[in-house]
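Student: Dock chain B against chain A, hints included.
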Amino acid sequence: MAETKPDDHWADLEPMKKIIGQLDELLSDLDRLGGEMPVIEKNVKAMKSFVRVLQYGISDVVKVKKQE
Amino acid sequence: MNGTGESRRYWNPWLETLDPEALEAIELKNLGHLIRYAKEHSALFRERYREIFPEDIKSLADVRQLPLIDKEDLRQAQEGRNPFPYGDLLGVQLTEVTDFRQTSGTTGRPVYVPESYESWQWRIEVWCHILWMAGFRETDRVFLPFGYNVYVAFWEGHYAAEKLGCEVVPGGALDTAGRLNKIQEVRPTALLNTPTYGLHLGESALNKGIDPRDLGIRRMLCAGEPLPPATRRRLEELWGAEVYDHIGGTEPCAWAAMCRERSGLHIMEPFFLVEVLDLETMGRPVEPGELGVAVVTPLGRRSFPLIRFNTKDVVRRAAGGCPCGRTSAKIEAVIGRADDLTKIRGVLFTPVTVEEVIRKDFPEVLEFEILVTRAGIMDEISLQVEFSEAKGVAGFKEFCKTAGERLKSKTNLRFRIEQAPPGALPRYTLKAKRFKDLRKEAPNG
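First to last, the protein sequences are chains A and B. For the first sequence, counting from 1, position 46 maps to 46 in the working numbering; every step adds exactly one. Just so we're on the same page, the working numbering is the position in the second sequence counted from 1, plus 68.
If we strip away everything but chain A, and leave its shape as in the complex, we get (with noise of 0.2 Å):
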């Protein structure tokens, strides 16, 4: 059976990335707060790992839709 393509779904994209972007600057925001604190710094570096995975198969995909 052929799968179902998300065509009515590329709509979210736009605001996925926007919050992509968002925890991006918030989560420097914390680790500049937080100084050198380790608690800080280790788990905002193990979040940043996350944002980038995200703005990979998510903001990456807007960027190239803008351009078609």
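Nothing false has been slipped in among the hints.
Simulated restraints on C-beta separations: (1) B:Gly203 x A:Gln22: 30 to 36 Å; (2) A:Gln22 x B:Leu493: 57 to 63 Å; (3) A:Pro38 x B:Arg118: 37 to 43 Å; (4) B:Gly414 x A:Asp12: 58 to 64 Å; (5) A:Asp12 x B:Ala387: 30 to 36 Å; (6) B:Gly414 x A:His9: 52 to 58 Å; (7) B:Arg118 x A:Arg32: 33 to 39 Å; (8) B:Val218 x A:His9: 38 to 44 Å.
Short derived list, chain A residues pointing at chain B, Cβ under 8 Å: (9) Trp10; (10) Lys45; (11) Ala46; (12) Ser49; (13) Phe50; (14) Val53; (15) Tyr56; (16) Val64; (17) Gln67.
The set of hints was computed from the structure by calculation and includes no laboratory data. Heads up, the beta-carbon is just placed ideally off N, CA and C, and yes, glycines get one too.
Tutor: Then chain B, alone, in the frame of chain A:
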């Protein structure tokens, strides 16, 4: 999107159903970023790409002008160079490295592969795609009957299964009997293992009077070795489970895997730029149906930048399109290692053809090994087999006749078939090496 129903068939529906042209655009954009990054942060690429500039790479044809890199290049860029032990391959500060991995070293000195936490998460994300595509879900209890080690094998599968929400049961520090006991005890629904070990585990269960089909395994993802269709079918029959294949390596990560159609492998676009190039010149992309060597560029990994890595994996390219709806390019089959592709008496031979014949029609073969030798100027090929004792001498004689004919028909070579004593041939948990070309060791070889 409510996250239920059809849309849940994809891990990332936007990425996985993107038009091929859009996938290519993302890959070329990310290749540009990677070249820029590698020139700044990797001593290897700073030197190699001195005269290469990312803005000059505008198409796949431009990509083919970039130099290939292979395992030997990586070894040379590492051996005796700082920072220890990664040398010129390191793409981040040494303090950023959180995971050490190394290649198996079967073809020479191992390559040490650094992963930062960020790069490791990128690898895990690729594996999330692979597992989801093979039907792994939160409801699965995944058992890994494998002793993870300094090699990358199954670490990614472990962490990706965890990220998916599966329940992961590590089965490393157990022998086969202990693993079977654990499977009976905790009732996993999925296995990650090599094909060879999947067969061995299933046959060990049968020898104990346990039918593997009764153990509740619904799916199995194989790694570490080629998985010809006959071996996959045999595993499926043995376990009563869906069996999936993928291909990858320590240096480039896992770069293609099966969807639930189980017909060919999807290239994990746009995480990788994968070229399949002709065997002779490595300069021309092959047509669908044609054999070629996979050249892989992982596009999102900064700790170990790698551009146009010659994997030496021989694959058959597939035509586009898949009923699953994913739009990524596919390969039809993994044939084996270019190192194992050899001419015997002038005939191009690949060991996977023998495995296909043996696994398809001869379940009474418990283990086998292919030996190529040279007597004078003549190549000889022999098949050593451990044969089911229950079949007796007459059974082996019949096997020699039938298997000899089928092998001749498939390979155009006449095999000398010999019976090995029970337990004489090695058993493998990773990277079975059933093909031994001893001609290189002969004085006139």
